[in-house]
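Protein chains: 2
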Amino acid sequence: MKTLMDYTRAEDWVIAEKAFNSELLDKVEAIMSLGNGYMGLRSATEERYLKETRNLFVAGTFNKFHEDEVTELPNGADLISIEFFINGEYFTLDKGSYRDYRRELNIRTGELHRCFIWISPKGDEIDFHFYRIVSLKDIHVIAQRVEVKAINKDLDIKILSGIDGRMTNSGSQHFTDGEKRFYHKKYMQFIQSTTESNIDFVHTSTLSFFKGNMSFEPESSTIMDRRRIYSSFKVSLKAGEGMTIEKVSNVHTSRDLDNQGLSLEELQDKALKELKSAEAKGYISLAHESAKAWEETVWNSCDISISSAEAFDQLAIRFAQYHLRIMTPYHDNRMSIGAKGISGEGYKGHSFWDTEIFILPYYIFTNPKEARRLLEYRYLTLPGARRKARENNYRGAMFPWESAWLEDGEVTPVWGSADIVTGMRTKIWSGFIEQHISADIAFAVWQYYMATGDQEFMDTYGYEIIFDTAIFWTSRLEYSEEDKLYHINDVVGPDEYKEHVDDNAFTNYMAYWNIEKAMEYCDHIKANSKEVYHRLDKVLDLRGAYREWLDKKDKIYLPRAREEDGVMPQDKTYLTLEDIDLSKYKKQEQVGLMFLDYNLEQVNKLQVSKQADIMMLFFLLEGRFSMDIKKANWNYYEPRTLHDSSLSLSTHCVLASDMGDRALAYNLYKRACRIDLGENMHSSKDGIHAASIGGMWQCIVYGFGGVRMVDGHLRIEPRLPEAWRELSFTIEWRGQALRLTIDKQKLIIENLTGKEEVTFLHGGRTYRLLHKLELAMNDKK
Amino acid sequence: MKTLMDYTRAEDWVIAEKAFNSELLDKVEAIMSLGNGYMGLRSATEERYLKETRNLFVAGTFNKFHEDEVTELPNGADLISIEFFINGEYFTLDKGSYRDYRRELNIRTGELHRCFIWISPKGDEIDFHFYRIVSLKDIHVIAQRVEVKAINKDLDIKILSGIDGRMTNSGSQHFTDGEKRFYHKKYMQFIQSTTESNIDFVHTSTLSFFKGNMSFEPESSTIMDRRRIYSSFKVSLKAGEGMTIEKVSNVHTSRDLDNQGLSLEELQDKALKELKSAEAKGYISLAHESAKAWEETVWNSCDISISSAEAFDQLAIRFAQYHLRIMTPYHDNRMSIGAKGISGEGYKGHSFWDTEIFILPYYIFTNPKEARRLLEYRYLTLPGARRKARENNYRGAMFPWESAWLEDGEVTPVWGSADIVTGMRTKIWSGFIEQHISADIAFAVWQYYMATGDQEFMDTYGYEIIFDTAIFWTSRLEYSEEDKLYHINDVVGPDEYKEHVDDNAFTNYMAYWNIEKAMEYCDHIKANSKEVYHRLDKVLDLRGAYREWLDKKDKIYLPRAREEDGVMPQDKTYLTLEDIDLSKYKKQEQVGLMFLDYNLEQVNKLQVSKQADIMMLFFLLEGRFSMDIKKANWNYYEPRTLHDSSLSLSTHCVLASDMGDRALAYNLYKRACRIDLGENMHSSKDGIHAASIGGMWQCIVYGFGGVRMVDGHLRIEPRLPEAWRELSFTIEWRGQALRLTIDKQKLIIENLTGKEEVTFLHGGRTYRLLHKLELAMNDKK
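In order, the protein sequences belong to chains A and B.
Residue numbers for the first sequence follow the numbering used here, so the first one is 657 and each next one is one higher.
Residue numbers for the second sequence follow the numbering used here, so the first one is 657 and each next one is one higher.
Calculated from the structure, these hints are not laboratory results.
Among the hints, a few may not be true.
Which copy is meant is left open, so a pair is good if it fits within one copy or across any two.
[Claimed, not checked] Derived pair list, reagent style EDC-like, types lysine to aspartate or glutamate, alpha-carbon separation capped at 20 Å: (1) K1083 x E835; (2) K890 x E739; (3) K842 x E1373; (4) K1083 x D881; (5) K707 x E679; (6) K841 x D1235; (7) K1025 x E1412; (8) K1209 x D1179; (9) K1402 x E1382.
Remember, predicted model here, so these are calculated numbers, not experimental data.
One chain only, chain A, in its complex shape (with noise of 0.2 Å):
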């Protein structure tokens, strides 16, 4: 498959596709999508193709379309067509010709441009510039401007442009056609509610048309239809005479925390009063105000800065970064972050693990406060994890696999896709019995908790949590007659390529992990905060769960390496399966290709994993495991490991990284950009993979950086790629920023806030630094 992607513009934040293919419309849509953690807008064109997929998401809108179907994002109605017909001619880059066509994202400013001269397959050429932003300073407003200039002929050009609330989620509809309403023939607005959770979608939007700077009003008509309602235009245009079309929309809902208590009418007054002060503001203003706001709330706060000798890789940190922003609910505690951020249909906005162990890192370390509010939502989730915890016959809090609104609790589909060999749906045991989420969750919790030392939110949520889910871990475990143990049977680890397996290692050893960690707190608050230790103790027993915990912790089986060779079974059985030849795999592009040729049953006999599962464990509890057995797995597991999943390559580089492989850690980061960045113009289809891009600041600041939270400490031990000359980046530590720059020689770290003194592990020495520090790097390997 041939790339049409342009990296090349890296020093300009520019990431451009430089040629246009009708069939390959997905990835741009994906990767170049446009958001402000409020809603996403996937960055499909104002002319229309056949495989485009329009979406515009508004997070935490979640809706059933059906009793039988899990809840989802909906896809809200489009706002951005825009269809020409030129001289009668249906504008679309399928047909006539083009040329010096460039389609670009600036990741700095968050604006879309694409530009290009049409010629039509009548000779008619026609300049078109097309601009477009969502509104990183008010989050509800989406503006447009298209500037079209008649070259060689005069042009009729009619536009249609409107709402258009006839988008589904792959065919599923999870609105009702709602009130039309066009105002003084110039305002449009379009209202759907979802069917389930009976939301209501404002949709408001308007255009306006320039000659110079003039604007001018075309002769218009007004159209209703079943779930659209949209306005036709007729300009003329002199051979060399340009316009501008401006098209000003802003989407509210009745979920939106600024919107509680406004009555329908109220709201859609509000929407329109708002669109009227958006549209006199103009597009240039909108996107001026919008930069402004990427300048001054994300790129000041958090610059990573690399010197590289692929220009790419400073751009590839900078896309992470970009799409860390736009996926993000920075807005509203009641939302996490789906695994394909709010840029597609995928996983269905749900949230998993991904958030608390690939992309909280990221805030935990760069924007604390916006860590906290992503933790606040597994609080606020706490009743739904009760419930899944009692429906399956547990005690405590068992998160919900996928996760959507607050009171959802577990919404995991129950089937996925075709089994080669029965010719059925293939059953998706996720939601019933990869549990280790809610020990994720609890890890997430104190890793916070250690980079910030915010003893208020342990207070309020943190105990609370890293307690009921222990309280969840007791209640599951098994106890064996046979050796007097605990066991946690029946459960899909990491690796999702094994199903139904017993003593899977990274759950038990997190299961010990979070029981311990419990303990350790529980001991502490009764100390230290009698207040906080009686309120818990009225809502979960804990001195009763206390006792449970003593009883058992200390009992449950934690699987050992092989004496002969250090690798440490990843569940009961692994070691023990049928090892086959997977060269053919491990070179592949497309992930899942095994699917091909085996189906699930048959994946699940054969020592094969889809990711990271002991390694998993390695990288998360790195303090308690060696380097030797580190290696040691490392050697036996990663030749086993497809990297199917998109968590897989940056825990991988990570690790590398750690074990000093410089070469391999920077393959591995070059191989996770490419997920999304890459060359296969159809892998980021279903939306960007908020993971793997939380992984790409991970193998920079975890990986090349070397920082961690190892056992509550900081640790910092860098290691640059060979290719690059200079690392440099803020971090946040226990309220002190700390600037750190990284060249092969030295490490430099400044504390910026310079209040108070930062301990940390460098070395194998521990360092105090209040002002500024310069360490040589000794690790020249």
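Add chain B to chain A, keeping to what the hints say.
Then chain B, alone, in the frame of chain A:
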């Protein structure tokens, strides 16, 4: 708008498209649609286009998307898509170029054929032939055949085809996503169930590949996705080599009469078994079987032969008969005919008075058994009609303006398109106050009875309909103290540009007629069919009803013609409204253009009509009005009628013929034909115009053939258009098949059955015919 249509192969029964424009797909999809009364399949192409409308409807499978919407025919899964990637290039006629293009519907055989040579952007030349039928023999079967030949290059072809359940009705999804299954990697099955009416749709499909006559199994893989299941095949062709693909599919639903009592699993098995047997026959046999059914069940029994200077005239009536067959659910009396047949989403599959007044006459005179079935449907909907009456505080049977499933009652939507003045949606009043349909249905019962003498039908169904609608009318009448008469106020008559009118002439006269007929039949059965009388008396209280009829009938206000000019007021105020210059709108090619300048409230206040209203009254109750009155009203109303309804032209054609204006009648006939067959490539967007198609038959048999039921008698008064040399057709009258052959000199009538004497009127005289009669034509005018 340039026409793409070609009707020059009229002698081959072919309507054709001579060039392809992916912007203008609607018309051909609808007018070339396939079907068999059980299902209607729009003729969208195998490859997909942005502006396509893929529709597969199964008659009677109504579902309501949401309580705020009305029930409609849901758009089933797409079975016909077959996508080709040729040497990596997606095949679409929008790219590269093509030559020798034809798309043809053979009306005689019901086969769609499309062929062309495609030259890909890379210069590969491929000869394509696509064939498709919906079987008239086995109503569940769809069969396709594609012949692909490599002309100048070796080709690697990838083919994607399967079952796609992502279809919606303009965005409304009526189905849940159900089970998907591959059997032996070859047979695909996809089940979806309607969300509210809980009808299971079982779609089953398979593809077979041949080179020459040898079948082969290409490399393939199977894909299940959300709401779809499909296979991917790879085939290589050498330059000069060809292959054939056959795709056979079937559709079953749990609502089908022939599937009653089956569990879903049994239905799945049945569908699979039937598919295998259809597949074994192969496309050519299936197409042959179906063509034979067309010959035997349609063309042999209802041949209309026109010898005209314009071959199009013959083609047009065959086109009408073709569509009349595919739109009519012969197989199930729980269903009627939709206003767009089953060829589009328009009017949601609902039945209107169109069925009884515009289509039923075709069946009454050519296939009385089918006419009876259609009237049985109305009988079966009586409970809903009674409920509607009760809900409106009336008694008797108030038939719904729009009718769907038996129990649904009124299903007219409440909201229409934009009001250009207020910017808000227009309220649709028909469901509330367009009440004449109850009399129209009674009229149809009478017409059927008169033409067939089917006493058993009357005893079982017919009388009850006529009595209960008469009961409705007496409860509907409003007494005025002023003139001591009964009025019918606040209605919409046939002319829907006049809402909320009092004393609409058509409505009042038809109500009067309805009551009069009920009294006549009540007297008759009381005297002659006591058992029927007592049975109906028990159900309807005939004694009480009769007293009320007697009391009110002669006090019903019936508008009279004005003394001075013979003009009868269409309603109480019409003649007092503002009279404007309509020439701008009378000349229009598109309908409804007036609404770009006025809203309905404004149109309501002008002397402008959408369609025949008074003229309709003269048409139905023609014996009641003199020719002078008819002409006076024609001269007044026709210039004020925009013919914005497809129900208008055929009525005017018949009346023009009655009035002896052959040229005008012929002109109106041509215009009526052009509603679907004309140059406007958008006119049939939402489906063919069923009433207009029924009207085409009326133009010929009622108009030019002069055949009519007048006051219960058969009247034959032909008036051929100038251009026609001869017209011959067969009608059935009271069990006798009559063949009429008409030319400029004579009328020959042959009683083909020859069992009973047929009485008819001609030229003011009564004739009796047992065998054959030749009459000179004397109305040369």
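How the hints compare with the structure:
1. For the homomeric pair K1083 and E835, the shortest alpha-carbon distance between copies (12 Å) is at most 20 Å, but the shortest distance inside one copy (40 Å) is not.
2. Taking the shortest Cα distances, K890 and E739 sit within 20 Å of each other inside one copy (12 Å), while across copies they are farther apart (36 Å).
3. Proximity of K842 to E1373 under the C-alpha cut-off of 20 Å is found in neither arrangement, the shortest distances being 60 Å within a copy and 57 Å between copies.
4. In the homo-oligomer, the alpha carbons of K1083 and D881 lie at most 20 Å apart only across protomers (13 Å), although the nearest pairing inside one protomer, at 40 Å, exceeds that limit.
5. In this assembly of identical chains, the alpha carbons of K707 and E679 lie at most 20 Å apart whether taken from the same copy (6 Å) or from different copies (16 Å).
6. In this homomeric assembly, K841 and D1235 never come within 20 Å of each other (Cα to Cα): the closest approach is 69 Å inside a single copy and 28 Å across copies.
7. In this assembly of identical chains, the alpha carbons of K1025 and E1412 lie at most 20 Å apart only when taken from the same copy (19 Å versus 96 Å across copies).
8. With identical chains, the CA atoms of K1209 and D1179 are at most 20 Å apart within one copy only, with a shortest distance of 15 Å there and 95 Å across copies.
9. Taking identical chains as interchangeable, the C-alpha atoms of K1402 and E1382 lie at most 20 Å apart only when both belong to the same chain, with a minimum of 10 Å there against 104 Å between chains.
Taken one by one, the earlier hints fail for this structure at numbers 3 and 6, listed in ascending order.
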